[in-house]
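Chemist: Each chain is listed here by its residues.
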Amino acid sequence: MAQVVLSEIPPLGAAFARAMVPTRGAAVRLPEHSIVISRVDQDPVRLAAYNRVCGFTLRDHVAPTWLHVLTFPLHIHLLGDKASSIRLMGAVHVSNAMTLHRPVRFDETLTLEVGVGNPRAHAKGALIDLVGQVRVGDEPVWDGVSTYLSSSAKVAGEPQPVERLPFEPGQPQALWRLPSDLGRRYRDVSGDPNLIHTNRLAAKAFGFQRPIIHGMWTHARALAALEGRLPDAYTATVGFAKPVLLPGTVGFAAAPTERGFSTAVTNRDGSKPHMLMTVEAVGR
Amino acid sequence: MNHDVVVVGGNRVPFTKGGTHYAEASNHDLLTAAIDGLVARYGLAGTRLDEVAGGAVLKHANDFNLTREVVLSSALAPETPAVDLQQACATGLETTMYIANKIALGQARVGIAAGVDSTSDAPIAVSDSLRRILHAASGARTAKDRIGILAKIRPSHLAPVPPRVSEPRTGLTMGEHQAITTKRWGVTREQQDEIAVASHRNLARAWDEGFFDDLVTPYLSLARDGIMRPDSSMEKLAKLKPAFGGPEGTMTAGNSTALSDGAAAVLLASAEYAEENHLPVLARVVDAEVAAVDHPGGSDLLMAPVGATGRLLARQGLTVDDFALVEIHEAFAATVVATLKAWEDADYCRSLGLDGPIGTLDTSRLNVNGSSLATGHPFAATGARIVPSLAKMLAARGPGSKGLISVCAAGGQGVVAILEAV
Numbered sequence: 001m002a003q004v005v006l007s008e009i010p011p012l013g014a015a016f017a018r019a020m021v022p023t024r025g026a027a028v029r030l031p032e033h034s035i036v037i038s039r040v041d042q043d044p045v046r047l048a049a050y051n052r053v054c055g056f057t058l059r060d061h062v063a064p065t066w067l068h069v070l071t072f073p074l075h076i077h078l079l080g081d082k083a084s085s086i087r088l089m090g091a092v093h094v095s096n097a098m099t100l101h102r103p104v105r106f107d108e109t110l111t112l113e114v115g116v117g118n119p120r121a122h123a124k125g126a127l128i129d130l131v132g133q134v135r136v137g138d139e140p141v142w143d144g145v146s147t148y149l150s151s152s153a154k155v156a157g158e159p160q161p162v163e164r165l166p167f168e169p170g171q172p173q174a175l176w177r178l179p180s181d182l183g184r185r186y187r188d189v190s191g192d193p194n195l196i197h198t199n200r201l202a203a204k205a206f207g208f209q210r211p212i213i214h215g216m217w218t219h220a221r222a223l224a225a226l227e228g229r230l231p232d233a234y235t236a237t238v239g240f241a242k243p244v245l246l247p248g249t250v251g252f253a254a255a256p257t258e259r260g261f262s263t264a265v266t267n268r269d270g271s272k273p274h275m276l277m278t279v280e281a282v283g284r
Numbered sequence: 001m002n003h004d005v006v007v008v009g010g011n012r013v014p015f016t017k018g019g020t021h022y023a024e025a026s027n028h029d030l031l032t033a034a035i036d037g038l039v040a041r042y043g044l045a046g047t048r049l050d051e052v053a054g055g056a057v058l059k060h061a062n063d064f065n066l067t068r069e070v071v072l073s074s075a076l077a078p079e080t081p082a083v084d085l086q087q088a089c090a091t092g093l094e095t096t097m098y099i100a101n102k103i104a105l106g107q108a109r110v111g112i113a114a115g116v117d118s119t120s121d122a123p124i125a126v127s128d129s130l131r132r133i134l135h136a137a138s139g140a141r142t143a144k145d146r147i148g149i150l151a152k153i154r155p156s157h158l159a160p161v162p163p164r165v166s167e168p169r170t171g172l173t174m175g176e177h178q179a180i181t182t183k184r185w186g187v188t189r190e191q192q193d194e195i196a197v198a199s200h201r202n203l204a205r206a207w208d209e210g211f212f213d214d215l216v217t218p219y220l221s222l223a224r225d226g227i228m229r230p231d232s233s234m235e236k237l238a239k240l241k242p243a244f245g246g247p248e249g250t251m252t253a254g255n256s257t258a259l260s261d262g263a264a265a266v267l268l269a270s271a272e273y274a275e276e277n278h279l280p281v282l283a284r285v286v287d288a289e290v291a292a293v294d295h296p297g298g299s300d301l302l303m304a305p306v307g308a309t310g311r312l313l314a315r316q317g318l319t320v321d322d323f324a325l326v327e328i329h330e331a332f333a334a335t336v337v338a339t340l341k342a343w344e345d346a347d348y349c350r351s352l353g354l355d356g357p358i359g360t361l362d363t364s365r366l367n368v369n370g371s372s373l374a375t376g377h378p379f380a381a382t383g384a385r386i387v388p389s390l391a392k393m394l395a396a397r398g399p400g401s402k403g404l405i406s407v408c409a410a411g412g413q414g415v416v417a418i419l420e421a422v
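As you go down the protein sequences, you meet chains A and B in turn.
In this text, residue positions in the first sequence follow my numbering: the first is 1, and each later residue adds one.
In this text, residue positions in the second sequence follow my numbering: the first is 1, and each later residue adds one.
Hints are computed from structural coordinates only; laboratory data are not their basis.
Note that the coordinates shown come from a computational prediction; the quantities given were computed from them, not determined experimentally.
Covered, in the sense of this in silico footprint (three residues per stretch, anywhere, with C-beta under 8 Å from a C-beta of chain A), are these stretches of chain B:
{"no.": "1", "region": "29-35"}
{"no.": "2", "region": "74-84"}
{"no.": "3", "region": "219-227"}
By construction, the Cβ of each residue, glycine as well, lies at the ideal position given by its N, Cα and C atoms.
Please put together the full structure from these sequences, using the hints given.
Modeler: Next comes the structure, spelled out in structure tokens:
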């Protein structure tokens, strides 16, 4: 895959506006290049704010979801490319998988690379993967795959069944009360300006009664609930089932598994999932 | 005591001035860093300890279970119970004695004593008047009643109230109290500045010698104590203007502790537990005493440890000369000088009910690796900083070496304790 090297993280506003513009034509076209940006220093003040919003203790080591946040502007930039027929408008973040290969310090200088590919048929459109990697020098320290469903796009072929994380209804172990300003607070630390998270009218335009919290906040909050017991290196796999409306109250449950944890963010009574997450230790 | 209590070791984050390196860190963050560092050093990840005792002086209302929440964020087993204690600047020594006493009685075998404070993230409260109005409004039966009550709010009620640094009963700040003591005991500027210079130079030497390599874990890019000035000198300190005691005052920002951020933790165990689990042992916790003075009645606010020291030494049959090392917390340099003068003052000691003077300290044994002036003084953390450092110094001097710790605290209180190398 060809690389396009950027000298700095692109500002989100313009790229986001481009990525929001719908495109015509059903056949999926995706940029064939990846975007690379090196010498990225992490902003400790923004990291501290991110940790506060998501519930992480401020440590020398960062959460893997924070590394995802750092790659997010590159996702937007890539989807805003002329070669991309998929726009963020109408695309739904359906699942995510990330692997932290080793603890990453907040003061490590990073190289970020993001590519897009793997278009495949889905009953409601097409799925694509935004694939990210974070490196320290030449060493990959984090890999992530964000899978989006674009309802306006089409890919030839039979839709493949989508693997779903198993869910058993159960009594939540915790209730999280999500305030109405949570979308704004997460926007401020993540840089994701999508109005469906902060604005009632925008949310309604996309079919939601109220603004919805970012899926990656829910992901981060679930990891934060496990923080003291997370291994040094692990894969976190997440499936987003149903958006969480703001303000709102959701349930959380976690159970240990052979190599990690299985967790669910549910409605209040634990009968329906909003997000399912598994954590599995890797390597070493 | 049924069981010997031993200091296994300790860990702290580097201390620093409030509003600097740890400006974004809360008490929770700082204490988690200190305890996780201790857990890593002694291989305690996933271990259920019998108890963790911690505390902070400046604490947010929603941090009522601060230490338990920190345990849950840490790598310790979530089944580890915790308690919050607070005894002003002596908190870290009082948590040490709380855990040590439980171990001595056989109620616990292993535990962590800790303390933390952040002046960067100090709680700011609403005014008394506003709080009363809000409580009344939340108890109102109808919306009309509620609006009526809320209408009483005046702009002056909305001014935030920072934590009080003054003694509630005297209205004097700690510095103002110490200024009275400083004058009363005839403590000179030179005596104070000498203590301050020694504190910085001793601390810097200890860092250079690697003394803190197994006592401190770097946090947020800070690897050494941020307040430390290795190049401190009498000449530089002499240039500072008085901070307390008026224009003729002798106390300056250089010989008073700075508002600090930091956290410290001590691992304590019974001698049997340490042996069974192959843990190192630095020193035994021998005894301790807490004391208070009548500061609203005019006594010296920060001199309560003097009476405690006299009674503790009498109980143990020890004299000042029996101690290889003495740690007197440098709330102010003048506190240390006045404390040592008081030890030698027969009349003062008798006024405390002691038989006679405590004795004269050979100051080459005092705060040999620096103290709070150079290290900083995150209030509740200081005791938990001193205990493992002193235990390590005593261990290096060989079995039987004894050390005394004296920590003064707000409210006219103080805690003293004795450690002995094993």
